[in-house]
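Numbering of the sequence shown is given in our numbering, commencing with residue 5 and proceeding in unit increments.
I should point out that these hints are in silico values taken from the structure, not numbers from a laboratory.
Just so it is clear, CB atoms sit at the ideal spot from N, CA and C, and this is done for glycine as well.
Be careful, since some hints might not be right.
[Unchecked claim] Here are the computed lysine-lysine pairs in the DSS-like style, where the Cα-Cα straight-line distance is at most 25 Å: (1) K14 x K62; (2) K79 x K118; (3) K98 x K118; (4) K118 x K102; (5) K79 x K136; (6) K98 x K176; (7) K16 x K102; (8) K33 x K23; (9) K133 x K98; (10) K89 x K79; (11) K16 x K118; (12) K176 x K89; (13) K16 x K33; (14) K79 x K62; (15) K16 x K62; (16) K62 x K33; (17) K102 x K79; (18) K171 x K118; (19) K136 x K89; (20) K133 x K79; (21) K98 x K136; (22) K62 x K102; (23) K62 x K98; (24) K118 x K136; (25) K62 x K89; (26) K118 x K133; (27) K133 x K89; (28) K102 x K89; (29) K62 x K136; (30) K98 x K195; (31) K118 x K14; (32) K133 x K195.
[Stated by the list, open to error] Using C-beta positions, here's what the derived DEER-type ranges look like: (33) L21 x V48: 47 to 57 Å; (34) S73 x T42: 16 to 26 Å; (35) D144 x S73: 23 to 33 Å; (36) S73 x G117: 19 to 29 Å; (37) G117 x L43: 11 to 21 Å; (38) C39 x K195: 26 to 36 Å; (39) D144 x V48: 36 to 46 Å; (40) D12 x N91: 42 to 52 Å.
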Amino acid sequence: MAFAVERDGKPKYFNSLAKDEQDLISNTKLTIYVCEGTLSEIEVWFETINIAGVPLVKQELRNAAYHGSFVTLAKEEFSNTSNSKMNMWQTYVKGDPKSQAILETALDCVSDGKIDDYMAQHRNDTDIKQLKNHFDTVIDWTDSIFDYTVSEMCGQEWGRLYYTYHKNAYSKAQIAERVYALLEDSQVQNKRCVIEYVLGG
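Take the sequences, apply the hints, and build the full model.
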């Protein structure tokens, strides 16, 4: 599998590098250790190994601990910034997709917050249909109710809100009117609570 490296702000593949750059890569010696352990031990190893690097977020550690076909497919879908759904996802999900924020949210939705259990159960799955379909359902439900992209929309607990309120009927126009009125109300101290307050009637 080929992957690009960034040089001078531009992605380059190995065969497009200059000969001296190719030689530098080809002649670099790597020290590789193969380690075996429990999932909890592996997670601790990654935390220890990465102390001097960019801090890994929880989902990156989970991906390492539960590595396998499921994680590979899930990352291809939810960490791919070229995915046609990325703009919509980022309207509702806070965080960098490259740091697995979208994937973590999708997993949180489908597992009802039990991400580790879900990843352990599905580690060797060869498709992610359940994960994709459930997250699409949650996001489509959200998008069917709210027609604006105020900052308060981003980072809500959409999985929990879906489970709690998806059987209720809503008028998109009435929801919009109530949300905007509450966001502009100086008496409302916590604007982020407006979304669930409105859903709760």
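Status of the hints after comparison with the structure:
1. K14 x K62: Distance ~29 Å between K14 and K62 Cα, so the pair is violated.
2. K79 x K118: Holds, at about 18 Å.
3. K98 x K118: holds, 19 Å
4. K118 x K102: Judged against 25 Å, a Cα distance of about 22 Å means the pair holds.
5. K79 x K136: holds, 12 Å
6. K98 x K176: holds, 23 Å
7. K16 x K102: holds, 19 Å
8. K33 x K23: holds, 18 Å
9. K133 x K98: At roughly 23 Å apart (the allowed maximum being 25 Å), K98 and K133 satisfy the hint.
10. K89 x K79: Holds. K89 to K79 sits at ~14 Å (cutoff 25 Å).
11. K16 x K118: violated, 39 Å
12. K176 x K89: Since the Cα atoms of K176 and K89 sit roughly 22 Å apart, the hinted pair holds (cutoff 25 Å).
13. K16 x K33: holds, 21 Å
14. K79 x K62: holds, 14 Å
15. K16 x K62: violated, 30 Å
16. K62 x K33: violated, 30 Å
17. K102 x K79: Given that 25 Å is the threshold and the Cα spacing comes to 9 Å, the pair holds.
18. K171 x K118: holds, 22 Å
19. K136 x K89: holds, 11 Å
20. K133 x K79: Answer holds: K133 to K79 is near 13 Å, not above 25 Å.
21. K98 x K136: holds, 18 Å
22. K62 x K102: holds, 13 Å
23. K62 x K98: holds, 15 Å
24. K118 x K136: Holds: K118 and K136 sit about 17 Å apart, inside 25 Å.
25. K62 x K89: Roughly 23 Å separates the two Cα atoms, so the pair holds.
26. K118 x K133: holds, 18 Å
27. K133 x K89: holds, 16 Å
28. K102 x K89: holds, 15 Å
29. K62 x K136: holds, 21 Å
30. K98 x K195: The given pair, whose Cα atoms are some 16 Å apart, holds under the 25 Å limit.
31. K118 x K14: Roughly 39 Å between the alpha carbons, so the hint for K118 and K14 is violated.
32. K133 x K195: violated, 35 Å
33. L21 x V48: 47 to 57 Å: Once the Cβ atoms are compared, 36 Å apart, the range 47 to 57 Å for V48 and L21 is violated.
34. S73 x T42: 16 to 26 Å: At roughly 20 Å between Cβ atoms, T42 and S73 fall inside 16 to 26 Å, so the hint holds.
35. D144 x S73: 23 to 33 Å: holds, 27 Å
36. S73 x G117: 19 to 29 Å: 24 Å Cβ-Cβ, so the 19 to 29 Å window holds.
37. G117 x L43: 11 to 21 Å: Since the Cβ atoms of G117 and L43 sit about 18 Å apart, the hinted range of 11 to 21 Å holds.
38. C39 x K195: 26 to 36 Å: With Cβ atoms ~47 Å apart, the hint is violated.
39. D144 x V48: 36 to 46 Å: holds, 38 Å
40. D12 x N91: 42 to 52 Å: violated, 28 Å
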